[in-house]
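Residue-level listing of the chains:
2 protein chains.
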Amino acid sequence: MTQDTAATLAALAAALPTGILSTGAAIGEAHWHDWSDQDPVPPLALVRPRSTAEVSAALVALGRLGLAVVPQGGLTGLAGGAHPSAGAVALSLERMNGIAAIDEIGLTMTVEAGTPLAAVQAAADAVGLQYPVDLGARGSCTIGGNLSTNAGGVRVIRYGMTRENVLGLEFVLADGTIVDALNTMIKNNAGYDLKQLLIGAEGTLGIITRAVLRLQPKPTTVATALCALPDFDAVTALLKQLRRSLGPALTVFEGMWPSFHDFMADNLALARKPFARQHGAYVLVEASGFGDASIQERLEIVLADLIESGILEDVVIAASERDARDLWTVRESVSEYGRVLGRILGYDLGVPIHAMGALVAALETEIPARFPDARTLCYGHVGDGNLHVVVNVPSAGLHQPHDEVDAIVFALTGRFGGTISAEHGIGTLKKPYLHLARSPEALDVMRRIKRALDPATILNPGKLLPDP
Amino acid sequence: MTQDTAATLAALAAALPTGILSTGAAIGEAHWHDWSDQDPVPPLALVRPRSTAEVSAALVALGRLGLAVVPQGGLTGLAGGAHPSAGAVALSLERMNGIAAIDEIGLTMTVEAGTPLAAVQAAADAVGLQYPVDLGARGSCTIGGNLSTNAGGVRVIRYGMTRENVLGLEFVLADGTIVDALNTMIKNNAGYDLKQLLIGAEGTLGIITRAVLRLQPKPTTVATALCALPDFDAVTALLKQLRRSLGPALTVFEGMWPSFHDFMADNLALARKPFARQHGAYVLVEASGFGDASIQERLEIVLADLIESGILEDVVIAASERDARDLWTVRESVSEYGRVLGRILGYDLGVPIHAMGALVAALETEIPARFPDARTLCYGHVGDGNLHVVVNVPSAGLHQPHDEVDAIVFALTGRFGGTISAEHGIGTLKKPYLHLARSPEALDVMRRIKRALDPATILNPGKLLPDP
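Residue numbers (UniProt numbering), protein chains in the order written: chain Z, 1 to 468; chain W, 1 to 468.
Note that these hints are calculated values from the structure, not bench results.
The structure presented is a predicted model; accordingly, all values stated were derived computationally and were not measured.
Please note that a few of the clues may not be correct.
Pairs count within a copy or across copies, as identical chains cannot be separated in the list.
Unchecked claim - Calculated pairs, EDC-like style, for lysine to aspartate or glutamate (alpha carbon to alpha carbon, straight line, at most 16 angstroms): (1) Lys218 - Asp134; (2) Lys240 - Asp103; (3) Lys431 - Asp444; (4) Lys240 - Asp467; (5) Lys273 - Asp314; (6) Lys431 - Asp125; (7) Lys240 - Glu104; (8) Lys218 - Asp406; (9) Lys431 - Asp231; (10) Lys273 - Asp323.
Please construct the entire structure, taking both the sequences and the accompanying hints into account.
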């Protein structure tokens, strides 16, 4: 530690509320990195406020000392938004964890930002409702992080992104101003919708401290099926037919290309394979019924018709909850990628649904053309136009060629009218490519807003926004 | 016309693209006012661009001359957002009317801002889809106005406000910068969601020129019922039960208090009254089925159970489309208010659902306490916590006591945790009361954003944002 650093930390300790500052070895290594697979960076200090007032006091103190702040939630982000920057102070919301109120008739839940997603889901479930945003990291990720990245997940097709499941926010600006926008009403057209600006801003405009989430009725029956199809054209035909026949009862439509499904099915220890032979495409479908036990039967009838018409080649319909969990095994095998593939490069592309098939074909041609032993696994939330791509070049071992693969993937995505991040965000990893997804004028408006709310660039500098 | 004005108009004519400027008597009186019942004001000039490039050129020219701009769509706003200000130039989007593209698999429609809502609905219907935002002014209001006010309507309970039915925007800033944010994807987490800032900003941050709207599958069956209940507690019990039993099939839940329902039913020329006697509350319910003819039967079973349990006192279920239209008659009688009531004061309050009954009771007590002959009619989108209140003081004739009634209504709304505008916006009429609905810090953030995007205050000055 330099003398300057020691003096800064001493000044910080004097200026902060007591009991919220950690320095040196007292900063747990969990705070040195998120899930973006970048080298760990110990933050200069760790601040863990216990209240919104302490967040405000901390930002005032940090601003006076000219220190940059990296807000941290559950640290499960994949783009680097919460990854420490050298010389910056990490501000973790982990102590602001709790559910303040549930309104069962208004369908709202007011929570602190550090509350884990799984705790929110459980609290809604306990009163016979649901908070429908769901993603694999549910046990670790927090509502504040979900909001800051506008998290998506598997039920966006029906319930939308996190953005669409929030009614109000409380947040703290870089200068310590606490902004109460904790609206609890579905309709409130009284001026600019400031919460929408904070959602998805990855902590660059303010620190979210509390939120009013929107709850939903909970389905009483869920029917699940895994479909096998000849090709991606059949996948879009299936999507059209299920939307028409099921409307909002269609709650999951997850596509898997053979590159992903067959490879993972071969490499996971499945009790039995879902299908006797390989197919050109796979779709996991879920339909939700409300006081309507017939949803299983309705799904069966629709899928039988689709077999008849040749859109489906085969289908497995879950007869029990256990069956349903089995059908999710391949789709939810993300935690096995490391074991099966080694080090990977992961992508989260948005692309118009009609172009998804062509984009996958191009990716599966051009990546191996450059790296002959590359494995390119494609799957995603097809109903939302969200494609996940996992690339591994076995010969590259621990040093996967991310710059070169990034360049191929993002160039193709742009060619098919897509975006570089559908749900993971920009953070540091995708910042160099943001210009591919946003116009220069849009980037300029973003910078104007950043300057208006954080003129000294205290909040998460170097994240999301490219330099002009 | 003063010499100064003549010189300004001459300079404007020279600076604008040819064929888009109207002055003096050539400005149709339709552009002198919106539906906010304020005195008509002839704008200094009317500009009607034919393209986004012409909107940009017009804003540059107007900015150089230091002229304020009032953007105008279908002029059906009720809060005064598009009402001309003295000395300002009206900029109408009426010539930018057309549907550019429909993506039937991605469920998007790209339209120009001046396209009427009804044209958008019809174009979606023609391809077997729906654009679910719907409101009484559908034939006159335009998408640009719907976006600028974040219009609501009767199906918000299922499909959300306009904000939730838009994927991308193109807009022009005060300085003429054209911002292309015409995203067509459901998921696109690549930086700040700028469109959300423009939506509901009532033309104070930029002029929306094009939009990508989100379409939805179209229901194949719709069941409609009018329910009679003892009181508002029964209304919330009905809402809870229908949500549980119908989930997203519940697409309308419109409440009417006796003050509204019985008064209008008595004063409209109804072929037959829906119920033999008066009740404490009424709810119009609609359930939508997708490939599921049983929705009518399901609704009937649920409502029969609710009669059994005493939550409902009576119910009429539509047996035909014509029956359904009849059941809507009282709820949709807005065009008759003038004939039945004379001059009215109208309110559009948002309030937590659990407090709606108490707020109505207080309004129906306190307004007549001040104006003994006052009629206070209450109804609204109960499923969204949106209460419409219509007040008429017969003895006041053409000079309704708006300041005094405003004060009573907004004070009570604040006492019950509500907001002064659920769906109509702020405009000029509610600007003096915005401080009741937004915190000083939130208003300050709004002003910072306004300064960042429109530093010379060219766009719709005097609307929405109160002076500091």
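Okay, the hints, checked on the actual structure:
1. Lys218 - Asp134: Within one copy only: 14 angstroms inside, 26 angstroms across.
2. Lys240 - Asp103: Between. Shortest inter-copy distance 12 angstroms satisfies the 16 angstroms Cα cut-off; intra-copy 36 angstroms does not.
3. Lys431 - Asp444: Cα proximity of Lys431 and Asp444: one copy only (15 angstroms, versus 30 angstroms across).
4. Lys240 - Asp467: neither (42 angstroms within a copy, 51 angstroms between copies)
5. Lys273 - Asp314: So Lys273 and Asp314 pass the 16 angstroms test inside one copy only (13 angstroms; across, 55 angstroms).
6. Lys431 - Asp125: Intra 38 angstroms, inter 40 angstroms, cutoff 16 angstroms: neither.
7. Lys240 - Glu104: Between copies only: 9 angstroms across, 34 angstroms inside.
8. Lys218 - Asp406: neither (40 angstroms within a copy, 40 angstroms between copies)
9. Lys431 - Asp231: Close neither inside one copy (34 angstroms) nor across copies (56 angstroms); limit 16 angstroms.
10. Lys273 - Asp323: Classified as within: same-chain Cα gap 12 angstroms, cross-chain 53 angstroms, threshold 16 angstroms.
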